[in-house]
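Required output: the full structure, derived from the provided sequences and hints.
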Amino acid sequence: MRKRGKRARQAKALLLFGLILTLVLILIVSTVGRQEFNAPHKLALEVIGTAQIGVTRLSAYFGGIWQDYRALINVREENRKLREEIRAHKAAATQYREAVATNVRLGKLLELKETLPPPTLTARIIGKDPSLWFKTVIIDRGSSDGVEKGMPVVTVEGIVGQVMNTSPHYAKILLANDPNSAVDVIVQKNRIQGIIKGDGTDFILHYVLRNSEVSEGDLVVTSGLGGVFPKGLPVGRVARVVHSPRGMFQAITVEPAADFAQLEHVLIIMKKSSLAE
Amino acid sequence: MLISVFFAIGALFLVLQTTLFHQLPGWIGSPDLLFLLIVFVALHLDLFKGAVIALLLGLIMDIFAGIFLGVYPLTYLLLFFLLKLILRHLALTDLIHQVVLALAGFLFASGVIYITVAVLAPESPPAWSWATMLLQMLILAVVCIPFFHLLQSLPALLAERRDKPFLSFKRRSGNRFRG
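Residue numbers (my numbering), protein chains in the order written: chain A, 827 to 1103; chain B, 957 to 1135.
Think of the hints as simulated: they come from the structure by calculation, not from any bench.
C-beta atoms are modelled at their ideal positions from N, C-alpha and C, and glycine is treated no differently.
Some clues are possibly wrong.
Stated by the list, open to error - Using 25 Å as the maximum straight-line C-alpha spacing, the simulated DSS-like pairs for lysine-lysine come out as follows:
no. : chain 1 : residue 1 : chain 2 : residue 2
1   : B       : 1040      : A       : 916
2   : A       : 907       : A       : 838
3   : A       : 1015      : A       : 975
4   : B       : 1005      : A       : 907
5   : A       : 1057      : A       : 975
6   : A       : 868       : A       : 975
Said to hold, decoys possible - Label pairs and their calculated CB-CB ranges:
no. : chain 1 : residue 1 : chain 2 : residue 2 : range
7   : B       : 1087      : A       : 855       : 35 to 43 Å
8   : A       : 1087      : B       : 1005      : 34 to 42 Å
9   : B       : 1074      : A       : 925       : 50 to 58 Å
10  : B       : 1043      : A       : 831       : 29 to 37 Å
11  : A       : 835       : B       : 964       : 23 to 31 Å
Next comes the structure, spelled out in structure tokens:
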């Protein structure tokens, strides 16, 4: 009797194990095959994304308190310095006021000339890739805000990356400094074309011929040819050029215009791109 | 119960690793707590429960890290089974031996990720840096001992909890003067 009960328990356990294994295999096969987030992925991103928002806000709050405390130290000395600075700034302000008025007038004229930019959406970075191997971030905007796979992401300084995956309220961004990212670019001064790829920290400018004139400090901007980023967005500045004795191309390192370590807010350009296709 | 507890702990570690740890100064580094949790699970849990936890943690890690879905479940499962295989043949009960095992496991997991990504995207393989690896291993070695100590108290805590009802009320006797 006891033996029969034991066997039945074993059979039940085996059945349960087999069922779970089958479900897991189905999940893995469907996930790996399509390389897209399925419902459990999206659900997990939604739940953990919410937790990430909470922790980010909490850390910002306590960080603010800590900064306030630190600001109190040596406040008298700082106050004296600030008064001196105010005096200097007041003198400069009268000059700047005139310059600003001129700038506003010219800016309005320029706005009339420019066509309307594509719609953009501001997003906040709530989580960063914890691994040593990949460069991705999670933002607090998702498919319910109109964010789609392949949309370019930028900051005021320059390009940031592209949307990789979305859930209703969150999205994953592949940063431009990831080795798997590639952006079509040109050197601004002489329109030499190349492809920027990430190396984890900086960019590497590929396919620039040996006889092309590229020097340190040259500004690199998007070419608009890849169909992802609009033309003319800053990418970075040439940091190092190596003319190797062999091969057709130069080895060019580009320092990114955007500071990937300090990213907080980004702009998503709401247009469909080739990655989505 | 144990699976859901470890899954919740893993999710909490993931949230910390993706948010707070990035705000720490660079020289402190960010320990991979999720990886240590897998090692701990391999050391202390049975094959079935451990494999399920490793797989689940791999699946959620896939969402927040990496660009190829499936890399982390594969890596964590392989790591788990390798550790189980080693533990079947070697009696690694000392904490210091377990630290060495964790470091060896980290190298193995990194190797699996590197090879998998290199196979999936041969045109842009990830950059392998021994300096980064050694720094991460040093951080793991430092964090490993207090981490394992902390988690070792968890199964006992859960077993104790299981014996007791979730909320216990003291039944009062009819006589209010008897206390």
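Structure versus earlier hints - violations, ascending order: Of the numbered hints given earlier, those the structure breaks are 1, 2, 3, 4, listed in rising order.
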